[in-house]
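Undergrad: No gaps in the numbering here: position 120 of the sequence shown is 120 in the UniProt record's numbering, and each next residue is one more.
No wet-lab data here; the hints were simulated from the structure. Check before you lean on any hint, since a few could be wrong.
Simulated DEER-style distance windows between Cβ atoms [what the hints assert, rightly or not]: (1) Q237 x P157: 41 to 51 Å; (2) P131 x K236: 37 to 47 Å; (3) P265 x K194: 40 to 50 Å; (4) Q147 x P262: 39 to 49 Å; (5) T241 x P157: 36 to 46 Å; (6) M153 x T280: 48 to 58 Å; (7) T294 x I172: 49 to 59 Å; (8) T75 x M202: 34 to 44 Å; (9) F229 x L96: 54 to 64 Å.
Don't be surprised by glycine CBs; every beta carbon is placed ideally from N, CA and C.
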Amino acid sequence: MADKQLAENTSAYAPDFERKVNGTLEEVGYSENSSVLLWVNQVNKNFPLHWHSAVEIIMPLSNTYTAIINKIDYTLREGDILIIPPGDLHELYAPLQGSRIIILFDFTLMSKQKGFSVITPVLTHPNLITPENSPEIYKEAYELLIQAKEEYMNAIPLWEASIYNLIIRLFILIGRNHMGTNTILPLAGLNKQKEYIEKMNMIYDYIDRSYMENITLENAASLAGFSKFHFSRLFKQMTSTSFYDYLTLRRIKAAESLLLNPELPIIEVALQSGFASISTFNRVFKSIKKCTPTEFKEFYRKQNHDSHASFN
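Build out the structure end to end from the sequences listed, making use of the hints.
TA: Here you go:
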């Protein structure tokens with residue numbers, strides 16, 4: 001009965017063949033008035049290099065599953081959880097047999113909720129959650145995804161809203177663990193922890209609005225009301241990266257989107273992303289993406305050209 005229901009749901013809600021890739025851009029086929037897509041994928045089908053604006057969550061239920069993100073391999077065992085940020089180039093490889101939960105959802109709605117800016121650092125890179133590297137949250141994260149699967153399988157009224165709620169709970173769990181207030185700020189009272197979190201949220205929003213401008217550590221520290229030394233230490237503790245590294249990652253994310261515009265010169269992409277010079281932009285982009293901006297742009301141009309040619 002469960003297998004029959006699974007097949008029916010897979011056909012009705014999110015069949016694998018509905019994944020549509022235009023060049024390397026996957027057009028996520030949300031149903032009307034929905035911003036989340038979940039299915040239990042059992043098909044031995046690979047997905048070549050692509051990207052999408054949605055966040056993707058993958059958890060194998062049986063056998064393994066492989067993702068290559070920005071040229072880094074992630075081999076998932078049963079129960080491992082991988083979160084792929086929006087905009088990251090990735091490939092997916094399925095074994096001959098096996099099943100896995102796959103969720104695609106629009107993070108923009110969630111990001112607009114008050115306080116959710118603190119999740120932003122989590123999505124600057126892929127996140128792998130396993131019993132070994134995330135023992136504090138793994139069991140709860142696993143159970144949330146199993147609950148999401150059950151909601152999908154039963155397809156009762158408001159199942160999509162329930163799944164989205166479970167995803168929000170998952171990111172709250174990840175965000176709180178990422179900030180590590182219990183271990184990083186053990187001597188700070190709850191009011192002080194809340195103050196720090198609110199100020200960091202304000203800084204994340206500030207970076208998101210103003211990354212193209214000449215933001216400095218001193219500016220951000222002053223905005224938060226801290227000395228630059230205290231701010232630097234606190235920012236690193238709560239994001240696991242330095243202020244300038246975080247700012248650079250945000251600018252590179254912006255540059256990735258701008259590079260998709262074939263009419264926009266590389267120098268304009270650099271300036272609109274907040275880089276003061278083309279040489280700095282080229283050097284930083286290559287160190288993070290493992291290719292130059294020109295190569296990245298050419299790759300997308302070629303992929304889209306090949307895709308369009310195949311239809312003519």
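Undergrad: Against this structure, judge whether each hint is valid.
TA: How the hints compare with the structure:
Range check, Q237 to P157: Cβ separation about 43 Å, and the 41 to 51 Å hint holds. In this structure the supplied range 37 to 47 Å is violated for P131 paired with K236, their Cβ-Cβ distance being about 27 Å. Taken as a hint, the range 40 to 50 Å holds for the pair P265 and K194, whose Cβ atoms sit roughly 46 Å apart. Remark: the range hint 39 to 49 Å for Q147 to P262 is upheld by a beta-carbon distance near 44 Å.
As the Cβ distance of T241 to P157 is approximately 42 Å, the hint placing it in 36 to 46 Å holds. Between M153 and T280 the beta carbons are some 51 Å apart, a value that agrees with the proposed interval 48 to 58 Å. With their beta carbons about 40 Å apart, T294 and I172 fall outside the hinted range of 49 to 59 Å. For the hinted restraint 34 to 44 Å between T75 and M202, the CB-CB distance of approximately 39 Å keeps it satisfied.
Judged by the Cβ atoms, the range 54 to 64 Å given for F229 and L96 holds: they are separated by roughly 56 Å.
Checked against the numbered hints above, the structure breaks hints 2 and 7 and satisfies the rest.
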